[in-house]
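One-letter residues, chain by chain:
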Amino acid sequence: MNAYLADVAVLARKDLRLELRARSTVPAMLLFVVAALVVFHFALPSDSSELAANGMLWVAIVFTALLGLTRAFVAEREQRLIDGLLLAPCDRSAIWLAKTLSVLGFLVIAEVIALPAFALFFSGIDGATVAGVALADLGICAVGTVLAAMAVAGRARELLLPLLFLPLAIPIVVGGVGASVAGEPARYLGFLALYDAVFAIISWASFEYVVTE
Amino acid sequence: MSTWLRNNQVPALAGLAAALLCAAIALIFFYAPVDEDGLNQKIFYFHVPIAFTAYACFGWGAWKGLLVLWKGRPGADLESYVAIHQGVIFGAMTLITGSLWAKFRWGVWWTWSERQLVLFLVLFLFYSAYFMLRYSLEPGPQRENLCAVYALFGVVLIPISLLAIRLAENYIHPVAFNKHGPQMATSQFATFMVALAAMVALAGALYRVELLGKRLDARLRELRELLA
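Order-wise, the sequence lines are chains A and B. Per this note's numbering, the first sequence starts with residue 1, numbered consecutively. Per this note's numbering, the second sequence starts with residue 1, numbered consecutively.
Misleading hints may appear alongside valid ones.
[What the hints assert, rightly or not] Which chain A residues face chain B? A few, computed with CB under 7 Å, are given here:
#, residue
1, Arg155
2, Leu160
3, Gly190
4, Phe191
[Unchecked claim] Non-contacting residues of chain B with respect to chain A, defined by C-beta distances greater than 12 Å in every case (computed):
#, residue
5, Arg6
6, Gln9
7, Ala14
8, Gly15
9, Leu16
10, Asn40
11, Phe46
12, Ala102
13, Arg143
14, Cys147
15, Ala148
16, Arg166
17, Gly204
18, Glu225
It should be emphasised that the hints constitute simulated quantities derived from the structure, not laboratory data. Even glycine gets a Cβ: it sits at the ideal position worked out from N, Cα and C.
Only chain A is shown next, with the shape it has when bound in the complex (with noise of 0.2 Å):
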């Protein structure tokens, strides 16, 4: 167990390292995120309400977790890092976990700087905005990461990972932009902790299968 965790902290510390140096997805998300919100606040009519800005909130972290995960595995597939990673003696499924972390940091970066641009633009958040967000980016970099680890490998890349993430998203728009605006939101943040858990399992179970050629 404890050989299987210092394999993830190693894989995850390559990915963070790797973007420290190169600093190609983090300012990217960012950037990106900043400007799908005041692009939203032109899209929204002036007196629409508060709620609407709510869901916007939403189709801004879907949209600019897309944008990592298409990083995702770029340098694995272009510099063939993955046929290393393969041959590494580590169990496959710490390669997602390991991924799959350094996704959510970057995410949770992006986050960080999106939230109070968000409250700044639009309305304040509360306590199970952040509840919600926090659940829906485990969900998302979990199934996302086998999602990008499958686009990569074939020959439209980064056309199709939009198209097989989107479809699995919806659960989590659901249950995200719930919590942000019903007024009881435990239902909405236990939904989502079941998206993450169910999710996370089989993708923690399935991974082997798609970076095994």
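With chain A's structure known, arrange chain B on it following the hints.
Chain B alone, transformed into the frame defined by chain A:
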């Protein structure tokens, strides 16, 4: 008799499907009573069996996908693909019949509060992406694995989406089944069961025919490559 059946499974299945379909249509229009909604309620006997059949196809495709991953069975990948293909066709028919029914029942072609329709829209999008995934990959063991994993994600997505849609919408979908059993007359239930059997048999027959064609194609390609 049994030898004949074994040698002619597909024609037998197709014949059974045709007979059941004729019986179902006869029962729907001459036996099942017209209830308070009027004649438009008859589409129930098509719409709901088609929807159940689509679920069965998706489930069957996921099961075959599981066999690909678990046992590495050759041929299971093709079976999974054909089952999901059938599922998408039946799913599209569910959307069309549901939309027609909604127009006659509620006067609109689409309503977001009809949770089965919304679910089928989500599933339709999800499984359409299955084809995009499949055709962006080179044929081979990796494609088999990826498609199988995606098919498994699908059967997990079905209950999760249903739960999500239930949470999201105040639904006006008529509840035909609940924990007290079917909420309809015995004659209606019998008709419904025949219609369901007919749809499942139809899907099974189409599945077998499609599979035969695909296998023939693959065999032909192999032979051509041997000749070339």
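Checked hints:
no.: 1; hint: Arg155; in the structure: 5 Å, holds
no.: 2; hint: Leu160; in the structure: 6 Å, holds
no.: 3; hint: Gly190; in the structure: 10 Å, violated
no.: 4; hint: Phe191; in the structure: 6 Å, holds
no.: 5; hint: Arg6; in the structure: 35 Å, holds
no.: 6; hint: Gln9; in the structure: 31 Å, holds
no.: 7; hint: Ala14; in the structure: 33 Å, holds
no.: 8; hint: Gly15; in the structure: 37 Å, holds
no.: 9; hint: Leu16; in the structure: 35 Å, holds
no.: 10; hint: Asn40; in the structure: 30 Å, holds
no.: 11; hint: Phe46; in the structure: 26 Å, holds
no.: 12; hint: Ala102; in the structure: 20 Å, holds
no.: 13; hint: Arg143; in the structure: 8 Å, violated
no.: 14; hint: Cys147; in the structure: 9 Å, violated
no.: 15; hint: Ala148; in the structure: 7 Å, violated
no.: 16; hint: Arg166; in the structure: 10 Å, violated
no.: 17; hint: Gly204; in the structure: 27 Å, holds
no.: 18; hint: Glu225; in the structure: 22 Å, holds
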